[in-house]
Amino acid sequence: MSKDYKDNLPISAEGFMDEFMRLKRGSVSRRHFLGVTGLGLATAVLSRFPGALSTPAYAAEDLGTQMSIATWPNYHDPATFENFKAATGVAVEVNVFGSNEEMLAKLQAGASGWSLFVPTNYTISTHHKLGLIEELDLSKIPNFSQATENPRFTKEGQIDGKTYAVPKNWGTTGFSVNTSKIKTKLSSWKDFFEIAQTEADGRAMVHDYQLTTIGSALVSLGYDFNSIKADELAKAEELLIKVKPHLFAINSDYQPSMRSTDAWLTMCWTNDGAQLNRDMPELAYVLGTDGGEIWTDYYAIPKDAPNKAAGYALLNYLMDPQNAVKEHIANGAPSTDSRVIALLPKEVTSNKIVYPDEAALTPLEFGAAVTLTDPGRAELMARFKSA
Amino acid sequence: MRALVTFVYLFLYTPIALVVLFSFNAGRNASEFTGFSTQWYGRALSNTFLMEALRNSLIIAVTSAALAAVFGTMAAIGMERLGARTRAIFDGLFAAAIVVPGVVIGIATLVALVEVFGFINPVIAALWPGDQPPKLALGYGSIIAAHGLFTMALVTMIVKARIASLGRDIVEASSDLYATPFTTFRQIVLPQIIPSILAGFLLAFTFSFDDFIIAFFVAGSKTTLPIYVFASIRRGVTPEINAIATMVLVASLVLIFIARFLMRERTTTN
Amino acid sequence: MPLPHATKRRLITAALVGPASVWLFVFLVLPFIAIIVFAFGERAPEGGYQAAFTFEQFANLGARSAAFVNTLILAPIGAAACLIVAYPVAYYLAVKASPQRRLLLVSLVVVPFWTSLLVRTYAWMYLLGARGIPHLFEFVGIENVRLINTPGAVLLGIVYGYLPLMIMPIYVSLEKLDRRLLEASADLGAKPISTFFGITLPLSLPGVMTGVALVTILLLGEYLIPQLLGGGKVFFIGNALVDLFLQSRNWPFGSAIAVTLVVVVVIVLLVAMRIAWRVAGTRQVDLI
Numbered sequence: 001m002s003k004d005y006k007d008n009l010p011i012s013a014e015g016f017m018d019e020f021m022r023l024k025r026g027s028v029s030r031r032h033f034l035g036v037t038g039l040g041l042a043t044a045v046l047s048r049f050p051g052a053l054s055t056p057a058y059a060a061e062d063l064g065t066q067m068s069i070a071t072w073p074n075y076h077d078p079a080t081f082e083n084f085k086a087a088t089g090v091a092v093e094v095n096v097f098g099s100n101e102e103m104l105a106k107l108q109a110g111a112s113g114w115s116l117f118v119p120t121n122y123t124i125s126t127h128h129k130l131g132l133i134e135e136l137d138l139s140k141i142p143n144f145s146q147a148t149e150n151p152r153f154t155k156e157g158q159i160d161g162k163t164y165a166v167p168k169n170w171g172t173t174g175f176s177v178n179t180s181k182i183k184t185k186l187s188s189w190k191d192f193f194e195i196a197q198t199e200a201d202g203r204a205m206v207h208d209y210q211l212t213t214i215g216s217a218l219v220s221l222g223y224d225f226n227s228i229k230a231d232e233l234a235k236a237e238e239l240l241i242k243v244k245p246h247l248f249a250i251n252s253d254y255q256p257s258m259r260s261t262d263a264w265l266t267m268c269w270t271n272d273g274a275q276l277n278r279d280m281p282e283l284a285y286v287l288g289t290d291g292g293e294i295w296t297d298y299y300a301i302p303k304d305a306p307n308k309a310a311g312y313a314l315l316n317y318l319m320d321p322q323n324a325v326k327e328h329i330a331n332g333a334p335s336t337d338s339r340v341i342a343l344l345p346k347e348v349t350s351n352k353i354v355y356p357d358e359a360a361l362t363p364l365e366f367g368a369a370v371t372l373t374d375p376g377r378a379e380l381m382a383r384f385k386s387a
Numbered sequence: 001m002r003a004l005v006t007f008v009y010l011f012l013y014t015p016i017a018l019v020v021l022f023s024f025n026a027g028r029n030a031s032e033f034t035g036f037s038t039q040w041y042g043r044a045l046s047n048t049f050l051m052e053a054l055r056n057s058l059i060i061a062v063t064s065a066a067l068a069a070v071f072g073t074m075a076a077i078g079m080e081r082l083g084a085r086t087r088a089i090f091d092g093l094f095a096a097a098i099v100v101p102g103v104v105i106g107i108a109t110l111v112a113l114v115e116v117f118g119f120i121n122p123v124i125a126a127l128w129p130g131d132q133p134p135k136l137a138l139g140y141g142s143i144i145a146a147h148g149l150f151t152m153a154l155v156t157m158i159v160k161a162r163i164a165s166l167g168r169d170i171v172e173a174s175s176d177l178y179a180t181p182f183t184t185f186r187q188i189v190l191p192q193i194i195p196s197i198l199a200g201f202l203l204a205f206t207f208s209f210d211d212f213i214i215a216f217f218v219a220g221s222k223t224t225l226p227i228y229v230f231a232s233i234r235r236g237v238t239p240e241i242n243a244i245a246t247m248v249l250v251a252s253l254v255l256i257f258i259a260r261f262l263m264r265e266r267t268t269t270n
Numbered sequence: 001m002p003l004p005h006a007t008k009r010r011l012i013t014a015a016l017v018g019p020a021s022v023w024l025f026v027f028l029v030l031p032f033i034a035i036i037v038f039a040f041g042e043r044a045p046e047g048g049y050q051a052a053f054t055f056e057q058f059a060n061l062g063a064r065s066a067a068f069v070n071t072l073i074l075a076p077i078g079a080a081a082c083l084i085v086a087y088p089v090a091y092y093l094a095v096k097a098s099p100q101r102r103l104l105l106v107s108l109v110v111v112p113f114w115t116s117l118l119v120r121t122y123a124w125m126y127l128l129g130a131r132g133i134p135h136l137f138e139f140v141g142i143e144n145v146r147l148i149n150t151p152g153a154v155l156l157g158i159v160y161g162y163l164p165l166m167i168m169p170i171y172v173s174l175e176k177l178d179r180r181l182l183e184a185s186a187d188l189g190a191k192p193i194s195t196f197f198g199i200t201l202p203l204s205l206p207g208v209m210t211g212v213a214l215v216t217i218l219l220l221g222e223y224l225i226p227q228l229l230g231g232g233k234v235f236f237i238g239n240a241l242v243d244l245f246l247q248s249r250n251w252p253f254g255s256a257i258a259v260t261l262v263v264v265v266v267i268v269l270l271v272a273m274r275i276a277w278r279v280a281g282t283r284q285v286d287l288i
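Chains as they are written, first to last, in the UniProt record's numbering: chain G, 1 to 387; chain E, 1 to 270; chain R, 1 to 288.
Source of the hints: derived by calculation from the structure; they are not laboratory data. Think of the CB as a built atom: it goes at the ideal place given N, C-alpha and C, for glycine as much as any other residue. One thing to keep in mind: the hints can contain errors.
From the structure, some residues in chain E lie toward chain R, with a derived Cβ separation under 8 angstroms [claimed, not checked]:
no.	residue
1	1
2	4
3	11
4	35
5	81
6	96
7	102
8	206
9	229
Here are the simulated lysine-lysine pairs, DSBU-like style, with alpha carbons at most 35 angstroms apart [what the hints assert, rightly or not]:
no.	chain 1	residue 1	chain 2	residue 2
10	E	135	G	162
11	G	183	G	106
12	E	135	G	308
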């Protein structure tokens, strides 16, 4: 996003104080502060050195002047794309989606225009089956290292021994709760749906995304997160429709509403939970003790990508541990790559939102491929929204 | 009464004032005013994606409005010459093009084009002598076509209404004086219907430039200004959007002013 | 050899209506046939369309009854709300405002069309959100007011977006009104109120009908305003359609709903024309 381009320019003293006061009030993120005041510039310049090693690889191919990436809300450090533009001359357009279904629909209709996108683990087999993604040419991603990836999170990128997607980061789906507005202590999805109808009446948000919204409703009822059994889905629908009049919104981009305190409780992904908590400590991130989702997001290249060369170049740039560390610090999603984890400051690795204890992860499940295409779940979600 | 009317104008203009105000915001949020700055105008103008979206929207709006003005006017004149039954069919189709909701037009065009392309592209590929056969895809063409449908119907309606109010005797007089039909059209009919054609063109342009829902379905990988704005709402609006909206507003006000001025000139010189 | 006159005349006619006919056929008739065919098909296993012949999609329409009901209630209410706000403004512009100021005031009604509706609606998202009007409430001690993402917010957005479309036709019909009629009525001792109900209102009915029909029909296909100001909760048929094509990828069901929506629009239009016919007597009323 080129809009952050000038953020790296140093600003006046007044501007600095102004930004500093805003930071203290919590209305801007630390990342924004570093960016605007130019403190980020030093980091940006330094980080270009490791990248310089792989620059010859870019130079060999014509990368064009622009490309487009499809990703999720609040998922990248805008400075990353600016630095990439500075290094390669390629401007990156960021398209934001709220569900894998939406990305799939766009790809299926053809001409998505993306040269890189961010699908979640359970969707990759379907994208492969439908011929929407291509096998990655690993020689074009020298910065990627399979050996340092945690196999627990990264096995779904490979199909029949071929690599179709490489991991971006992993994470969890829990909920974020504004503890200054809601006094009850929530610890499970059962609590979530109860409080959404009582203490957080009119203030709770669920994702516009079948996997997590239906999955969490199923979990709160004691069923499997990935269930496609008709009777269990019927129970989940009953619950969701009962809760709906009490909701603030059905939207996967909940950060603005949580920050403005229009909403007090929301389904939430690790990275958003970490960003919200970092800027507003009263926004706690909770993992359901009764279950929920654990996931890995990947990078993949669509078969009809208009600028594959730039797609690979950006992918390689993002796989550079130095760049991945900065992305990690900005967006707060845990890394699958031990090289990246080794470079992280202790305050990040000890953050329990980002790297929860193993015990908290035990009840969580990975999404199952069948949920992506199951007509019952798709129709349930659509009925819930239009009810 | 006066108070009420004032209130309605306030209601209409408060959001617009807010849009303009935030375009001068120093901060990057479109929701918290942190100081005065014109930096977002510069940023908007140097944002390649925003400028491309603006350019796409202008190209699409001008092309579809021009096509609509030409073909719509031709149709309005041609329909006069048709038999009552054929004319009724055209009337019905044009009315349908206007009342069918944009969302349905978008969906139906998408469905039809995806099918047609799926059929034609392999044929082209089979017949193409070279390695890389051209591939039909959604883009400029499909947006212009789908916008053109509605705007052509609009122009036809407006021009037809004007033609209906024209006196026929002057046309007859002209041909009695041995003017060719073309001369009659150019010298007698055209000057009288030109204001309605221009009005139709302007309405068509405005519609196409501001349309979101039809383009949302048939744009393929092309981004129009409304699609860019919609996407920005999801990734967080910056005052760049306010800056571009303000510039568009000012540009259109200037154009309206110039048009008014030119029309006044013409009426006084005539 | 010169062509016979009749043939030549026919050729010219064909050339004139030709381009528009091709357009209407390729981009209206053909797409319509396509969605009708799709509406009888099945959802493919991974989403999209799969050829079949089944009435399943139409049988399932009840699953979107809430969206249909919502639209069929909020569209006329929205149009009525627009009318209530628009009428006094149109009346003021046509009857009360001085001729010099009239031009400016009328232009001011049209100008909002030149700023993107999306951007203006976004401004409402801000105004109705916690940092906007509810924040002002906090100054007077009223905490936790919620305005955004409610049916009320959607209604407000509708009135805001469609008001100019309602004002203009009413203004035009009131402006045509012969003022001498009003003066005569007053001279004959009629009270202003009976002049209004006896003369002004009946004569402005064609404009009112045009405005109401126009706004209602446009609202039946609305997507953006409920999406942005309703928080994905206040669903119109337009939203249900977008959802079916861009999320759940059920093209056949989406097509069936699109076909049904068109049928609903046509019915509403016919009913409106009927009412217009009755209120306006034998006068011709142009709805479009």
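Subject >> Hint check, failures only >> reply: 4 and 11
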